[in-house]
Amino acid sequence: MIRLAVPGRLEYRDVVLRVASSACKLTRPESERADDFDNEVVSAFGEAFNNVCIHGYRGRPPGDFAVEIDVEPDAITLRVMDTGHSFDPTLAPGLAVGALHESGMGIYIMRSFMEMTYRPGRPNVLVLTKRRVEGSSGRDVEAKTR
Amino acid sequence: MIRLAVPGRLEYRDVVLRVASSACKLTRPESERADDFDNEVVSAFGEAFNNVCIHGYRGRPPGDFAVEIDVEPDAITLRVMDTGHSFDPTLAPGLAVGALHESGMGIYIMRSFMEMTYRPGRPNVLVLTKRRVEGSSGRDVEAKTR
Amino acid sequence: MRFSRTDSGDETVLKVDGTLDAVTAPELRPALDALVAERRRLVTVDLSALRLIDSSGVGAIVSLFKRVRAEGGDVRISGLRDQPLAIFQLLRLDRVFMPGS
Amino acid sequence: MRFSRTDSGDETVLKVDGTLDAVTAPELRPALDALVAERRRLVTVDLSALRLIDSSGVGAIVSLFKRVRAEGGDVRISGLRDQPLAIFQLLRLDRVFMPGS
Ligand SMILES: Nc1ncnc2c1ncn2[C@@H]1O[C@H](COP(=O)(O)OP(=O)(O)O)[C@@H](O)[C@H]1O
Ligand SMILES: Nc1ncnc2c1ncn2[C@@H]1O[C@H](COP(=O)(O)OP(=O)(O)O)[C@@H](O)[C@H]1O
Chain G
1 MIRLAVPGRL EYRDVVLRVA SSACKLTRPE SERADDFDNE VVSAFGEAFN
51 NVCIHGYRGR PPGDFAVEID VEPDAITLRV MDTGHSFDPT LAPGLAVGAL
101 HESGMGIYIM RSFMEMTYRP GRPNVLVLTK RRVEGSSGRD VEAKTR
Chain P
1001 MIRLAVPGRL EYRDVVLRVA SSACKLTRPE SERADDFDNE VVSAFGEAFN
1051 NVCIHGYRGR PPGDFAVEID VEPDAITLRV MDTGHSFDPT LAPGLAVGAL
1101 HESGMGIYIM RSFMEMTYRP GRPNVLVLTK RRVEGSSGRD VEAKTR
Chain B
2001 MRFSRTDSGD ETVLKVDGTL DAVTAPELRP ALDALVAERR RLVTVDLSAL
2051 RLIDSSGVGA IVSLFKRVRA EGGDVRISGL RDQPLAIFQL LRLDRVFMPG
2101 S
Chain F
3001 MRFSRTDSGD ETVLKVDGTL DAVTAPELRP ALDALVAERR RLVTVDLSAL
3051 RLIDSSGVGA IVSLFKRVRA EGGDVRISGL RDQPLAIFQL LRLDRVFMPG
3101 S
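Protein chains in written order, with the numbering used here: chain G, 1 to 146; chain P, 1001 to 1146; chain B, 2001 to 2101; chain F, 3001 to 3101.
Pulled out of the complex, with its shape left as it was, chain G reads as follows:
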């Protein structure tokens, strides 16, 4: 297990995403290169980080953004914890596909690219999971988000 904690401020975004991106490499043979799996994990996890910094700690001194990363061959689980505002992810507006949104895309990106669960509390716990699918490629995403 990889454990990381940083202050919940956007300037730590690069640190946090590099850990996730490097952890993705541990899910596959060394010879294989970064692929859709990595892109989707980093995209989803990056939105989770943004939301904690921007919404979770809005109007209060930022606490930590903490994550525990479990790496198995072929799967990754990121358990994100914060002590900020809680929210109800089911209330996030569905995204009208092809519409020109300027915001409100974060939760949609998370849900499209990974399995997501959320449990409000102290800390709030958001769990993102993704399994490598045999012979998978970007096409999977299309199927999953339809």
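In case anyone wonders, no lab produced these hints; they're calculated from the structure.
Bear in mind the structure is a predicted one, so any value in this text is a computation, not a measurement.
Just so you know, not all the hints are guaranteed correct.
Simulated crosslink set (DSSO-like; lysine-lysine; CA at most 30 angstroms straight-line) [what the hints assert, rightly or not]: (1) F:K3015 - G:K25; (2) G:K25 - P:K1025; (3) F:K3015 - F:K3066; (4) B:K2015 - P:K1025; (5) B:K2015 - B:K2066.
Knowing the structure of chain G, use the given hints to seat chains P, B and F with the ligands on it.
Below, chains P, B and F with the ligands alone, put in the same frame as chain G:
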């Protein structure tokens, strides 16, 4: 403060060094590019990580490699903790400069590139510090290691 | 994030490199606002050297698109690949910004 | 780490890219052993695309150097830069491997 813990196994080297490398960026204005400071911090810290995995947990199930990173404008401190074998860094052989060593260079690299203190115990605590020097460059290293 | 702007006649190429996200999108805003204020006809956003984008980065480009269109101009994207391509495809924005493809 | 070997006459160029460290140096060993076993005269290790090296990586190259020399050959390094250059300079090995510079 950035806190990271991974199993003390070499396969986590990339995760650990990416965090250090990204943390270095937080010590300077965004416009400046990676420089000697970053190279020297990553080099020293990488040797600390290797030593914990290779020597610290030799002959026992690996415990964690944990690090707390303090970033200030112009300085970085990495506090490394492990629960493996302790050692006496003052007994590390001095390096005959220009001689052709195949090993025994790790502690020399750490000491040359950063300030280093070590306190054996549970956990063992190795602290590496580096301050950006006004107008510094690679030439500093030459001076410091003479 | 680094960006560069090149004007030739009615077209502007805005090349954005590195990472366009919640941290860096605000730094790009003044350059985007200038394109709108100057009523540029055709803006091509060259993302061939963009490594990473997030919803804030997409939001900035969508906002540019809407405002340039409102002035009668158009915005295209060129060079999309890797993670940014995955995001634009997911949001079905590839069809908006690359109508020919 | 990726490596490629190119022989031309008495010279072999061994290009090592990426990271050469405690994780990857063991993967390079068989290729180094082969150069020694084949008694190559001149081995040029091209490190122009090496991003990172550690003491284990240096150890592997020093070991190659000693063994090739023992067979009457020589080892040079080309393209050193960035972090690997800093390490070779610190260990005063730049003078050993790049005697002309
Ligand atoms: N970690 C969080 N803490 C508190 N509120 C959140 C969090 N994440 C999301 N939200 C709420 O859910 C809404 C939708 O989030 P999202 O889809 O990421 O879009 P955006 O961040 O652009 O608003 C946010 O506007 C916010 O009100
Ligand atoms: N974290 C550690 N735990 C236990 N022993 C260590 C540790 N770091 C270094 N040592 C000891 O100090 C010696 C010198 O270390 P170093 O200079 O890094 O060279 P090398 O690792 O190539 O032997 C090691 O061989 C080992 O005996």
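For each hint, the structure was consulted:
1. At most 30 angstroms may separate the alpha-carbon atoms for a hinted pair to count; K3015 of chain F and K25 of chain G meet this at roughly 23 angstroms.
2. For the given pair, K25 of chain G sits about 23 angstroms from K1025 of chain P by alpha-carbon distance, which is consistent with the 30 angstroms threshold.
3. About 19 angstroms separates the Cα atoms of K3015 of chain F and K3066 of chain F, which keeps this hinted pair within 30 angstroms; it holds.
4. Restraint check for K2015 of chain B and K1025 of chain P: the C-alpha separation of about 23 angstroms stays at or below 30 angstroms, so the hint holds.
5. Taken as a hint, the K2015 of chain B and K2066 of chain B pair is honoured in the structure, with Cα atoms around 19 angstroms apart against an allowance of 30 angstroms.
Checked against the numbered hints listed earlier, the structure breaks none of them; every hint is satisfied.
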